[in-house]
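Visitor: One-letter residues, chain by chain:
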Amino acid sequence: MEEEILVVATGISEEEVVELKRQLASEREVVRKLLQAEEWLRSHQKELESRYAGKFVAVIAPGEVEASENLETLFKKLEEKGVEPGRVIITAFSPEGEASIL
Amino acid sequence: MMPKFRLITRDRYGNPAPYVLLSLRGKGLHAYRYVEALIDTGAPWTSILPAGSLILQIPKRLLKRPSDVTTARVGAHSFHRYVLENIRVILSGPGERGAHWSIVANVPHVSVLEPVGGSREAHPMRDLPAVVGCDIISSLELSLSFESRDFFLEVKESAPCKIIVARTS
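Protein chains in written order, with the working numbering: chain A, 1 to 102; chain B, 1 to 169.
Some clues are possibly wrong.
Stated by the list, open to error - Residues on chain A that point at chain B, a partial pick, calculated with CB under 10 Å:
(1) 4
(2) 5
(3) 16
(4) 17
(5) 25
(6) 34
(7) 39
(8) 71
(9) 85
(10) 89
(11) 94
(12) 102
Claimed, not checked - Partner residues aside, some chain B positions facing chain A, computed with beta carbon under 8 Å:
(13) 27
(14) 29
(15) 40
(16) 51
(17) 55
(18) 74
(19) 94
(20) 102
(21) 103
(22) 128
(23) 134
(24) 140
(25) 141
(26) 163
(27) 165
(28) 166
It is worth saying that the hints were derived from the structure and are not from the lab.
Think of the CB as a built atom: it goes at the ideal place given N, C-alpha and C, for glycine as much as any other residue.
Kindly produce the complete structure, drawing on both the sequences and the hints.
Guide: Okay, structure coming up:
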């Protein structure tokens, strides 16, 4: 049996918790797919970094990737596939030899 | 024993870094959109950077100028600091056997950093869409730990939050 865990900050009422549970249940599949994509990204990061250095990368599903030099073009590519940004993992890789360390 | 939640651990320039999926809920915001957020104990506020604003489609009309700090620096870059007020933040990460966990908090504001003298599209800090800062970490009394290959968030039993377990299948 799968157990999903919800940690709710004090100050959120019981009624809101009921609504939250309903809302999050409806998003379960979206989050599950995002986390599967993250897992795949983690195990293929080196290869993706060298292939897409300096680019934005959308991981639509494990093994299914779109990339572009800017987000605008990436969003267009996703739109053509009927994929909504924010429901796929979008990350960016620094150009080779550069790092943004905050 | 403190409940402990595994984070998304990604390689960042050769070292592991802790991430979560972040979603914002509030009037005028697109629901069901998620962005990667780095857990950053050096950041005072949970902040959305330009790439994150584009992915989450945060409308500029919702942004308010704060009364205190109006410019923020991230790395060598300056940003205009705006805030989204009275926002619900949802952080999610991987649970056991394909399930996931979510931490939900209502916060007085989340910072939205807009590029100085440029558009969101032409922004610096491309690989950092959002950061979870000390505001959320401290208000929920979360601790960050690292074991073997993964980062974890721990919630103290005395923390100002409650834990609900929902069986899903």
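Visitor: Please go over all the hints and tell whether each is borne out by the structure.
Guide: Evaluation of the provided hints:
1. 4: 5 Å, holds
2. 5: 4 Å, holds
3. 16: Holds - the Cβ of residue 16 of chain A comes within 10 Å of chain B, reaching about 9 Å at its closest.
4. 17: 7 Å, holds
5. 25: Given a least distance of 8 Å, the restraint on residue 25 of chain A holds.
6. 34: Holds. Min distance 6 Å.
7. 39: 7 Å, holds
8. 71: Nearest chain B Cβ about 5 Å off; hint holds.
9. 85: 5 Å, holds
10. 89: At 7 Å from the nearest chain B Cβ, residue 89 of chain A passes the 10 Å test, so the hint holds.
11. 94: 6 Å, holds
12. 102: Since chain B brings a Cβ to about 6 Å from residue 102 of chain A, closer than 10 Å, the hint holds.
13. 27: 15 Å, violated
14. 29: Not OK, violated: residue 29 of chain B not within 8 Å of chain A, min 11 Å.
15. 40: Hint holds; residue 40 of chain B Cβ to chain A Cβ min 7 Å, cut 8 Å.
16. 51: 6 Å, holds
17. 55: 5 Å, holds
18. 74: 6 Å, holds
19. 94: Residue 94 of chain B check passes; min Cβ-Cβ to chain A is 5 Å, inside 8 Å.
20. 102: 5 Å, holds
21. 103: It holds, given that the least Cβ distance between residue 103 of chain B and chain A is near 4 Å, below 8 Å.
22. 128: 6 Å, holds
23. 134: Violated - the Cβ of residue 134 of chain B stays beyond 8 Å from chain A, reaching only about 14 Å at its closest.
24. 140: 6 Å, holds
25. 141: Violated: closest Cβ of chain A sits about 10 Å from residue 141 of chain B, beyond 8 Å.
26. 163: 5 Å, holds
27. 165: 5 Å, holds
28. 166: 5 Å, holds
Hints 13, 14, 23 and 25, counting from the list given before, are not met by this structure.
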